[in-house]
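Colleague: Sequence:
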Amino acid sequence: MVWKDKIAVANTGGNSISFIDPLLKKEISRIQLDSGTGPCDLVRLGCTSNLLITQLYDNSLACLNLDSKTIEKILLVGCYPKYVAVCNFTHNIFVSNADSDSISIVGNKKNLKLIGQIPAGSMPQGIDCHPQLPILAVANMNSQDVWLIDTGKLDTINITRIDGFPTQVKFSSKGDILYIGCYLYNGDSNSKIILLSVDGHRIYREIPIRYVPFQIIEAGDGKYLLVISFESGRMEVISLASGNAVQSIEVGSMAHGIALDREERYAYVTNTKEDTVAVVDWRLGKKVADIPVDREPSGIVYLY
Numbered sequence: 214m215v216w217k218d219k220i221a222v223a224n225t226g227g228n229s230i231s232f233i234d235p236l237l238k239k240e241i242s243r244i245q246l247d248s249g250t251g252p253c254d255l256v257r258l259g260c261t262s263n264l265l266i267t268q269l270y271d272n273s274l275a276c277l278n279l280d281s282k283t284i285e286k287i288l289l290v291g292c293y294p295k296y297v298a299v300c301n302f303t304h305n306i307f308v309s310n311a312d313s314d315s316i317s318i319v320g321n322k323k324n325l326k327l328i329g330q331i332p333a334g335s336m337p338q339g340i341d342c343h344p345q346l347p348i349l350a351v352a353n354m355n356s357q358d359v360w361l362i363d364t365g366k367l368d369t370i371n372i373t374r375i376d377g378f379p380t381q382v383k384f385s386s387k388g389d390i391l392y393i394g395c396y397l398y399n400g401d402s403n404s405k406i407i408l409l410s411v412d413g414h415r416i417y418r419e420i421p422i423r424y425v426p427f428q429i430i431e432a433g434d435g436k437y438l439l440v441i442s443f444e445s446g447r448m449e450v451i452s453l454a455s456g457n458a459v460q461s462i463e464v465g466s467m468a469h470g471i472a473l474d475r476e477e478r479y480a481y482v483t484n485t486k487e488d489t490v491a492v493v494d495w496r497l498g499k500k501v502a503d504i505p506v507d508r509e510p511s512g513i514v515y516l517y
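Read the sequence shown against the numbering used here and you will find it ends at 517, with the numbers running on by one and no gaps.
Heads up, some of the hints might be wrong.
Label pairs and their computed distance ranges (CB to CB) [as the list claims (entries may be wrong)]:
# : residue 1 : residue 2 : range
1 : Asn403    : Val215    : 44 to 50 Å
2 : Gly259    : Asp389    : 19 to 25 Å
3 : Gly329    : Arg475    : 35 to 41 Å
4 : Asn371    : Lys326    : 26 to 32 Å
5 : Ser335    : Asn278    : 33 to 39 Å
6 : Ala454    : Gly329    : 26 to 32 Å
7 : Arg415    : Gln345    : 16 to 22 Å
8 : Gly329    : Asn371    : 37 to 43 Å
9 : Asp434    : Asp247    : 39 to 45 Å
Everything labelled a hint here was simulated from the structure, so no lab data went into it.
Just so you know, even glycine gets a beta-carbon here, dropped at the ideal spot from N, CA and C.
Could you put together the complete structure from these sequences and hints?
Modeller: Here is the structure:
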């Protein structure tokens, strides 16, 4: 199987990685992992043929060689490792450990090696590395704050208190904005996307949304945000110019992960409960296909 221009999906319940051909709109290959590992988040390691996989139930980070289709290395990290991000500046790998309130650092110079752990807030969830600078953002849900960490010195740069429970963070493609997805239950669901200036660490805008945000991705040359909700199984397309949802699309049940194709025409969304990947034309506001995969698909990445 040629893995380039395919889509990789982590199936948490099936302990497997599915590969989808986006042209055929079907699963074409599957790699079975060890039983009980619980693969969750996926990130391709730079321009290499290595795919990083967080394994929830094994408390580990695995490295899959896409050429040989074999796991080359498994590193024990923290408890319940949820998300993984790679710094373009230091090339270090960072893993958020939700149950041990820590971030694991994995070195990536000659070979993968666990460097150590640094503390985070309570229940760290989404993490993201700045596209140009040595900065890691961490959404700490229970302590209701977002940390910015220097990926070289491993010092805390800033802690921003959030009025709500932050679930996800995402830097803009230009690197000037940090998007923060959060929710606050107060009778009704008061969810929002917070915009934080990276230079001044200042919250300067809040965009109300209808559903609890689970994943955020920038699209349309930075003009839109695609926000999926695990709770509602919907995708909201947010215009950053107006601050309004221009589309609300039903994608499936328990939407978990999202990836865009190279042209940003289609968004691919994993539906954990339905064991499918939804193909969504987000500009037209409609789902065009459901692709069956293994049990409980979660993380997803388009392999350019």
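Colleague: None of the hints should be skipped; say for each whether it holds.
Modeller: Checked hints:
no.: 1; hint: Asn403 - Val215: 44 to 50 Å; result: holds, 46 Å
no.: 2; hint: Gly259 - Asp389: 19 to 25 Å; result: holds, 23 Å
no.: 3; hint: Gly329 - Arg475: 35 to 41 Å; result: holds, 36 Å
no.: 4; hint: Asn371 - Lys326: 26 to 32 Å; result: holds, 28 Å
no.: 5; hint: Ser335 - Asn278: 33 to 39 Å; result: holds, 36 Å
no.: 6; hint: Ala454 - Gly329: 26 to 32 Å; result: violated, 43 Å
no.: 7; hint: Arg415 - Gln345: 16 to 22 Å; result: holds, 20 Å
no.: 8; hint: Gly329 - Asn371: 37 to 43 Å; result: violated, 22 Å
no.: 9; hint: Asp434 - Asp247: 39 to 45 Å; result: holds, 41 Å
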